[in-house]
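Produce the complete structure using the sequences and hints provided.
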Amino acid sequence: MKQILLITDGCSNVGTSPVLAAAHAFQEGITVNVAGVVDYGTIGELGSLEIAEIAKAGGGVSRIVGTRQLAQTMQMMTRKTVVQTIQQAVNKELKHILGDATLEDLPPSQRSQVVQVVDEMTETTPLQVALLIDASASMKPKLGAVEDAIRDLMLSLQAREGMSELAVFHFPGRRSGEDAVMDSGWTKDAGALRSLFQRIQMRGATPTGPAIMKVIDFFRYGTLNGHDTWREHADEGEGMLGDYVV
Amino acid sequence: MTTSSNPAYPAGTVITGKWRKSRFIVRRVLGKGANGVVYLVQKEGSRDPYALKMGFDTLDLQSEINVLMSLQSKRKTSESPKGGPRMPYLLEVDDFKGPDGDIPFYVMRYIRGTSLHHFIRKRGHEWIGLTGLRLLEKLNGLHRFGFIFGDLKPENVMVSDVGRVELIDYGGVSSIGRSVKQFTEWYDRGYWNAGSRTSDEGYDLFAFAVLVIQMLNEEELKAAATRHLPQTRSAAQLLSIVQRSPKLKVYAEWLGRAIRGEFSGSREALKLWKETIYAPAFAGKLPGKTPRWLINAFALSLMVACLACLWAFLS
Chain A
1 MKQILLITDG CSNVGTSPVL AAAHAFQEGI TVNVAGVVDY GTIGELGSLE IAEIAKAGGG
61 VSRIVGTRQL AQTMQMMTRK TVVQTIQQAV NKELKHILGD ATLEDLPPSQ RSQVVQVVDE
121 MTETTPLQVA LLIDASASMK PKLGAVEDAI RDLMLSLQAR EGMSELAVFH FPGRRSGEDA
181 VMDSGWTKDA GALRSLFQRI QMRGATPTGP AIMKVIDFFR YGTLNGHDTW REHADEGEGM
241 LGDYVV
Chain B
1 MTTSSNPAYP AGTVITGKWR KSRFIVRRVL GKGANGVVYL VQKEGSRDPY ALKMGFDTLD
61 LQSEINVLMS LQSKRKTSES PKGGPRMPYL LEVDDFKGPD GDIPFYVMRY IRGTSLHHFI
121 RKRGHEWIGL TGLRLLEKLN GLHRFGFIFG DLKPENVMVS DVGRVELIDY GGVSSIGRSV
181 KQFTEWYDRG YWNAGSRTSD EGYDLFAFAV LVIQMLNEEE LKAAATRHLP QTRSAAQLLS
241 IVQRSPKLKV YAEWLGRAIR GEFSGSREAL KLWKETIYAP AFAGKLPGKT PRWLINAFAL
301 SLMVACLACL WAFLS
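Line by line, the protein sequences are chains A and B. Per full-length UniProt numbering, the first sequence starts with residue 1, numbered consecutively. Per full-length UniProt numbering, the second sequence starts with residue 1, numbered consecutively.
Derived by calculation from the structure, the hints in this document are not laboratory data. Beta carbons: idealized from backbone N, C-alpha and C, even for Gly. One should not assume that every hint holds.
What the hints assert, rightly or not - Here are the computed lysine-lysine pairs in the DSS-like style, where the Cα-Cα straight-line distance is at most 27 Å:
| # | chain 1 | residue 1 | chain 2 | residue 2 |
| --- | --- | --- | --- | --- |
| 1 | B | 274 | B | 249 |
| 2 | B | 97 | A | 80 |
| 3 | B | 18 | A | 95 |
| 4 | A | 92 | A | 2 |
| 5 | A | 56 | A | 95 |
| 6 | B | 122 | B | 21 |
| 7 | A | 95 | B | 97 |
| 8 | B | 122 | B | 249 |
| 9 | A | 92 | A | 80 |
| 10 | A | 2 | A | 56 |
| 11 | B | 249 | B | 222 |
| 12 | B | 122 | B | 18 |
| 13 | A | 92 | B | 97 |
| 14 | A | 80 | B | 32 |
| 15 | B | 21 | B | 43 |
| 16 | A | 92 | B | 274 |
| 17 | B | 97 | B | 18 |
| 18 | A | 56 | A | 80 |
To be verified - What follows is a set of in silico ranges between Cβ atoms, one per label pair, in the way DEER data are often shown:
| # | chain 1 | residue 1 | chain 2 | residue 2 | range |
| --- | --- | --- | --- | --- | --- |
| 19 | A | 163 | B | 115 | 51 to 57 Å |
| 20 | A | 163 | B | 231 | 23 to 29 Å |
| 21 | A | 220 | B | 274 | 58 to 64 Å |
| 22 | A | 184 | B | 13 | 50 to 56 Å |
| 23 | A | 140 | B | 127 | 48 to 54 Å |
| 24 | A | 184 | B | 256 | 33 to 39 Å |
| 25 | B | 73 | A | 221 | 30 to 36 Å |
Laid out in structure tokens, this is it:
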């Protein structure tokens, strides 16, 4: 089972619509959840609308929370989405067998057996969650809390019986044209998730849509530039040089 | 499916089951859990009060019901250990046709009482030993059936006015070996970076230890939880509270072992708890102990009596 969990605090402003990108993800069998993080004031009507739309198009759920509830919320959303995805699959099966019935239509005694199966699968299905963090300037004070929440999520995922992996990305990248940067590839180890964002340079742009597209690529090819690996090498050289100059 | 934003049903509402057609009359709201709202109800044609839980989500509630049914059947087939959940706990499972669709509910035994922290605040710290013992017996009962309680916190522990203890809200009950379904920050082993969130007996014992610390030194626990960054939070901070607080001294060994995860299981923890609260050192701490002024006064009166005798004898 594949999920993207987007953590953001506002509106996208560059490139592909994030709603379209989330719809693409859903098409690929990846559910998209969105956590909107606000500590002071509100996220704005436009921002909260976009967050809800992204989750809707991505078949997931969205929540707007303060940094204090972030860890709990991320975990709740991840679990809920796993359950939902399995429930949808089970409901489909039920429809095959029983016609128009869903879980809610079954009498409690039969429901009990179905839920047992759902619970079992929730615990054992292999799960991959790609966290996509908005690292635009306004998110800077929240990144510490985001990192803690990521570690907490890893702890909960580690407790599952099934295999669970996390990968972490942030956007935008250091230079224009780099839509998302990988901070950690697939890992099962909470120790790998320390000081993820220390070297991030904050920039103003928020290319949420393109970043989601990049992560879909990562799910497909296991790298951010799967379909044009030849360019990766050239880019790497440039990146190193860039670092050296700075 | 319904959401948590739905207002609670007012007193007098009649809840009719879709499948079994039983009718329950709402008396008042008892409380809100993570999975639903619990009402005090009366079954029509009966005077006995029951608790009725309406779920926010069919799947979550059914999952909780499955646990209760499993406990009930295990209870029937095995000689239950002392303190095992008293049954029948689950009375009926059904759906209610609400204005916005069906709402799943189940009816259970109503447990009269106050939540643990209120009880201790009202009746005094000297009740911690006994209520703690009974709570550990309950947890041990669950553990013997292959479950852990998971979301152990004072709100989920009901104490009757004579100190009987019952666990309420089985929404967090998880099979041993599985991930913990539901937990609350302070009482969560993972929150303190003190271990995994995989269900084992030690998970409940850790939460129990935090609960005891909370009842006897809430300020320091609160300070430790908020002062430290999440990645630096650790079992050592809890242990240092235990070392520093005079009130926690008698429980120090037990708490230390629970926090460090050193108990082999709840049986051993139960045994040490009993030894702790019935140890002479502890018994001396019970109120009922003769106050110092009384001892002094008694010594003085003895001396006066002696002097009086001596004086009488001499004269």
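Hints and how they fare:
1. B:274 / B:249: Satisfied, since the Cα-Cα distance of roughly 16 Å is no more than 27 Å.
2. B:97 / A:80: The hint holds at about 25 Å.
3. B:18 / A:95: holds (22 Å)
4. A:92 / A:2: Roughly 19 Å between the alpha carbons, so the hint for residue 92 (chain A) and residue 2 (chain A) holds.
5. A:56 / A:95: Holds - the C-alpha atoms of residue 95 (chain A) and residue 56 (chain A) are around 23 Å apart, at most 27 Å.
6. B:122 / B:21: Not OK: residue 122 (chain B) and residue 21 (chain B) at ~42 Å, beyond 27 Å, violated.
7. A:95 / B:97: At roughly 22 Å apart (the allowed maximum being 27 Å), residue 97 (chain B) and residue 95 (chain A) satisfy the hint.
8. B:122 / B:249: holds (22 Å)
9. A:92 / A:80: Holds, at about 18 Å.
10. A:2 / A:56: holds (16 Å)
11. B:249 / B:222: holds (19 Å)
12. B:122 / B:18: Since the Cα atoms of residue 122 (chain B) and residue 18 (chain B) sit roughly 42 Å apart, the hinted pair is violated (cutoff 27 Å).
13. A:92 / B:97: It holds: about 24 Å lies between the C-alpha atoms, which stays within 27 Å.
14. A:80 / B:32: Given that 27 Å is the threshold and the Cα spacing comes to 20 Å, the pair holds.
15. B:21 / B:43: holds (11 Å)
16. A:92 / B:274: Roughly 53 Å separates the two Cα atoms, so the pair is violated.
17. B:97 / B:18: Status holds; Cα separation ~7 Å.
18. A:56 / A:80: Roughly 14 Å between the alpha carbons, so the hint for residue 56 (chain A) and residue 80 (chain A) holds.
19. A:163 / B:115: 51 to 57 Å: violated (39 Å)
20. A:163 / B:231: 23 to 29 Å: This hint holds: roughly 25 Å between Cβ atoms.
21. A:220 / B:274: 58 to 64 Å: This hint holds: roughly 59 Å between Cβ atoms.
22. A:184 / B:13: 50 to 56 Å: Cβ of residue 184 (chain A) to Cβ of residue 13 (chain B): about 52 Å, so the range 50 to 56 Å holds.
23. A:140 / B:127: 48 to 54 Å: holds (50 Å)
24. A:184 / B:256: 33 to 39 Å: holds (36 Å)
25. B:73 / A:221: 30 to 36 Å: Check failed, 49 Å falls outside 30 to 36 Å.
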